Amino acid sequence: MTLKSEPVIVNVGPQHPSTHGVMRLRVAFDGELVTDAEMIIGYLHRGSEKLAEERTFTQVVTLTDRMDYVAAMTNNQAYILAVEKLAGIEPTPRGVWLRMISAELQRIASHLIAIGFLMQDLGAMGTPLMYTMREREDIMDMFELMCGARITNSYHRPSGVFQDAPPELWPRLEAFLVEMPGRIDEYEQLISGNEIILSRMRGIGIISPEDMINASITGPMLRAGGVDWDIRHQQPYEYYDRVEFDRPIMDESDNYARYLVRVYEMRESLKILRQCIDQIEPGPARDPEVPFVIRPPKGDAYVPIEGPKGELGFYLVSDGGISPYRCKVRPPSLLNLTLLREMVIGLPMAAMIVTFGTVDINMGEVDR
Amino acid sequence: MGTNFLDNSFFRNIYCNLSKSDDIRCSGGGWLGDGILPAGFEWLAFLITAVVMAMVLINLVLGSVLIFIWAERRLLGRFQSRSGPNRWGPYGTLTPVADAIKTMFKEDIVPTAADRWVFNAAPIVMMVPATMVLAVIPWGTGTFLADLNIGILFIIAITSLSTFAIVMAGWGSQNRYAMFGAMRAVAMLISYEIPMALSLLGVLMLAGSLSLVSVVNAQDVPFILVQPLGFLVFFIASIAEINRAPFDVAEAESELGAGYHSDYSGMKFGLFLNAEFMATILSAAVIVAVFLSGGRGWSFIPSQGWFIIKMIPVLFFIVWTRAAWPRMRIDQILTFAWKGLIILAFINVAVSAILSFVWPDPTMRELWFMVAINFGVLIVSVMAVGAWFGPQGASAPNMSHGDALPRPRPAGQPSGGDS
Amino acid sequence: MIGLGLLNGLIVTMKAAIRGPVTVQYPDRRVGLLGAARELGMSPFQFLVKRPKDAVKAAAGFATVEDKIAQGPRFRGQDFNWYEDRCTGCASCAKFCPLGIIEIVTSPSDTLKSQGEVYNIDVFDIDIGRCMFCGICVEVCPYDALHMGSGFELGTYERKDLVISVDALRTKKNTPSTWFRPQLEETAYNPHSGESRPWTEVGRHEQPTDEELNERWVDER
Amino acid sequence: MNVAMSGSELADAIREIDSEAVTDQSDDAVWITAESWPDVAASLRDSEALSFEMLSLLTTVDYIDHFEVIYHLLSLSKNRTGVVKIRCGEGRIDPTVPTAINVWRGADLQEREAYDLMGVKFEGHPNMKRLMLWEGFEGHPLRKDYLR
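Protein chains in written order, with my numbering: chain A, 1 to 368; chain B, 369 to 787; chain C, 788 to 1008; chain D, 1009 to 1156.
Please keep in mind that the hints were generated in silico from the structure rather than gathered at the bench.
There's no promise every hint is true.
[Claimed, not checked] Restraint-style ranges between C-beta atoms, simulated for each label pair:
| hint | chain 1 | residue 1 | chain 2 | residue 2 | range |
| --- | --- | --- | --- | --- | --- |
| 1 | D | E1043 | C | K882 | 44 to 50 angstroms |
| 2 | D | D1073 | A | S5 | 40 to 46 angstroms |
| 3 | D | S1034 | A | Y69 | 34 to 40 angstroms |
| 4 | A | W170 | C | E940 | 38 to 44 angstroms |
| 5 | B | A755 | C | E940 | 40 to 46 angstroms |
[What the hints assert, rightly or not] To be clear about the criterion: a stretch of chain C counts as covered by chain B if any three or more of its residues have a C-beta under 8 angstroms from a C-beta of chain B, and this derived list gives those stretches:
| hint | segment |
| --- | --- |
| 6 | 796 to 802 |
| 7 | 805 to 814 |
| 8 | 843 to 849 |
[What the hints assert, rightly or not] Straight-line distance between alpha carbons at most 30 angstroms, and here's what the computed DSS-like set of lysine-lysine pairs gives:
| hint | chain 1 | residue 1 | chain 2 | residue 2 |
| --- | --- | --- | --- | --- |
| 9 | C | K959 | C | K947 |
| 10 | A | K50 | D | K1129 |
| 11 | C | K882 | A | K271 |
| 12 | A | K50 | C | K855 |
| 13 | C | K802 | C | K947 |
| 14 | C | K844 | C | K855 |
| 15 | D | K1152 | A | K298 |
| 16 | D | K1086 | A | K50 |
| 17 | C | K947 | A | K85 |
| 18 | C | K844 | C | K959 |
| 19 | D | K1129 | D | K1152 |
Since this is a predicted model, take the numbers as computed values, not measurements.
Backbone N, C-alpha and C fix where the C-beta goes; we use that ideal spot for every residue, glycine too.
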């Protein structure tokens, strides 16, 4: 005998504690199990791409901050790289190193947020979140030293960064590099071996790597599926070919693998930071000849970079004017959600929330 | 008659002041002399004393709820590298009072679609078991409302009542999240009553009585030492019974918002919160009475003081686990109860039965033998059960250094449109 | 072994509890008796004897110590700093503001010798309510007249109070942020010290004298 | 190191699949006809020599007199990128392109977004609904003639 129950349709979101912003999932439940899920987004749509068409190339930097607001530096970087390719601007070496330093710091900050909020989704009463926020605060303080803002940085400029890092930054960064590995070990001690977390995250939310590649899923999610794809390594931009780092790869492709890959990536980012500090050379942080108002020649440019959440890129079209004719973002958060429905069907509600958390989306970037 | 509340000097005085009882403990009357009520009115004296006791105990527990809320928030803050509430009053001690005042003055919203009667009755029903359990707990020598000879059974029976309240809240709210929370809570509470009751069987075999007062009196060695496995199972089960982390799936704020009390506001929500914290304190009290030898201890501290001192580490541990561990999933919680705890409880029952058959009336020396054997059983059985269905250990990612390109894979088949 | 991971979690949280809080309690921090004594540089016993009233207050948990997190000198804050003496009214800031929240109205100045080169600023409204503190107005200012401020607690009760008027800019004490002003950083200036900078010391270049202005004026004609 | 396939290289490869597909080519991109796109896309993904497994980015640009749909393709196994462009909607009339969702699942949300904001229809998409904006929103905001 089988019992048939009526499906219950529940709106998870847009005001739900675990939707990482304002996302809405219309989920059909059979008891506790998800039988269908529909993603409804757009609650944070601000039309950044349209706004970019009315601003000069440098002014658009401020818009990119607000797309993925927990990884503003990498957004700046992706945009500036596209502008430089479009306009044929050669960046100054010190500017590039500073961009790399800020981007790697931002990657750590973003992964800290991802891990903290994932643990929040698992119901950990905010303890891991508080710990990760504590370390993120260090990074935010360093950003404040570098560019005077903590979240909406607007630090990068065509040909470098707007201002050289202050001398106070370097001892801060040094202390951070010394302290951070121990902190990461602490998270691992708190989280990685915990039986509750293991039983809740292992073997859940599995997607095959073939499906992920086919669905344009990139970043830590793809690497957790056993695909060694890191744009920093395969298609080095900036000076990533001058630093050495490993890519953590896991074959399980489940929620736990996605979490662990992020933890190990933070360690690799620390390695990169150390090498950046060793290799940074004195000189101007930007080319003073590059004007504020750039007029790139007609054409288009797309530069993908490895953002914290996946392949992040800006596709810019110029008509020779002072503002982009078309500015299109490749949002890793949005594309990583492509297979969400397939991932969550058949899972219990709690596992659905966790699976959603391991995708590590940011609604500012999903909706733009 | 064994013990009754007349062992407590405070209540004895009240009673003896009122009645002309010929009880031997009342010889010489109370502080004020002989009883003021005429003979034949002993029942009235008894009633008044009982009401006074009930008032004192209930208000003390309610007051301790405030202290516990404050302590929990401070402790959680400390565990999370924060400082916790520290603005209202010295060290933030008035924060729960401020919260209570705020809760009272909040607007009381009843959702339009709600089943009004059920919705309004749920918080009251929720308070019932919490206050009723209070009756049988021996807070110290002679400090109890009733020495029921079925005390433990009474506790297990009464705590099940909170299931009704949770279902009423979930159903009455007409909210799907609340319903989810209620359904989860029912499944969990019913499952965990079984290991909870089973884990007490060993204690009953040793104590030979269901009365909590007798259980306390039987503990020459605290039963946590003689019954470590029973304690473990009972502790886990009682955390689950009071819906606290890591078993707080009924509220599960990251999944269900606030679970079964999503739609409650104002004082109704306050009642839910109060009942939960009262349940926490009372379950700590039950643990102390059953496993930590109640109010027994060296006589330089009164027995009530010992009872409270012993409750503190239990409550501290409950808060500590809340800070450290994430929530379990509902199906895993049920698996854990049925596959893990019940088996452990049965092992405990079997071992206790054998031991009490071998040593029907254990001497101190034999008790310590039992302690050693039971701890061995604890370690072996927990490891065996853990190996049976516990999660496997963590694995580390492989680091790829070389220039290897990703393995070529066939492109996947599209799995149809979204939604 | 099962339970080891759970135990590890307990150990980590206990370590954090022993290390103590890392959060900053803005604007002041409640300290106990020991903390208050440490702030005053006395031993708790000394404190009890010398200042019993304060000691009782501290023991009851009412003693407070000011607590502020150190901000970077580049912090892009709320109150803009504007040097009228440097401003020519070119309105670059208004032009390049991505949100268009700066309104400038100028009129030719009669008072200055170089009439026509420096303008009177009649209106210089910055609508802080819509500002996103990107600092582009500061970046494009060719005369280093506009600077970011370093304040962050200028909450108001009405929206219209969020508009900074030219009079407010004229009268406020100028503690410019060093954002996009390397010349200020070179002098190791920290705006959070409360020290203000006169207009002569904040520029990338010296203000030309009247003679120089006259010459240039003639030359460019 | 990344090898961006030059336009001529890619054009040759596409001509092998469908001789009439290529209409134009530049240094880094190839323009093909909309009709040939489903076959070309499937071959681009499946052929051993190209194996573009991932659709990295789908963009639409409004060029006033026509629309252009731009596909940035990525081959993980070969570490190569290629750009394929399709002109559509000449004279701003009814821009339509066959969907690529059956070849690359990643086109799903990107095509919905392109339809939502630019108004390019993707024929054969099973769920051609607005993504960012609400149902009933009029117009397509990223078009150059969209007025607020």
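Here is how each hint holds up against the structure:
no. : hint                                 : result
1   : D:E1043 x C:K882: 44 to 50 angstroms : 48 angstroms, holds
2   : D:D1073 x A:S5: 40 to 46 angstroms   : 57 angstroms, violated
3   : D:S1034 x A:Y69: 34 to 40 angstroms  : 36 angstroms, holds
4   : A:W170 x C:E940: 38 to 44 angstroms  : 30 angstroms, violated
5   : B:A755 x C:E940: 40 to 46 angstroms  : 58 angstroms, violated
6   : 796 to 802                           : holds (count 5)
7   : 805 to 814                           : holds (count 6)
8   : 843 to 849                           : holds (count 3)
9   : C:K959 x C:K947                      : 18 angstroms, holds
10  : A:K50 x D:K1129                      : 19 angstroms, holds
11  : C:K882 x A:K271                      : 43 angstroms, violated
12  : A:K50 x C:K855                       : 40 angstroms, violated
13  : C:K802 x C:K947                      : 49 angstroms, violated
14  : C:K844 x C:K855                      : 22 angstroms, holds
15  : D:K1152 x A:K298                     : 18 angstroms, holds
16  : D:K1086 x A:K50                      : 35 angstroms, violated
17  : C:K947 x A:K85                       : 43 angstroms, violated
18  : C:K844 x C:K959                      : 38 angstroms, violated
19  : D:K1129 x D:K1152                    : 17 angstroms, holds
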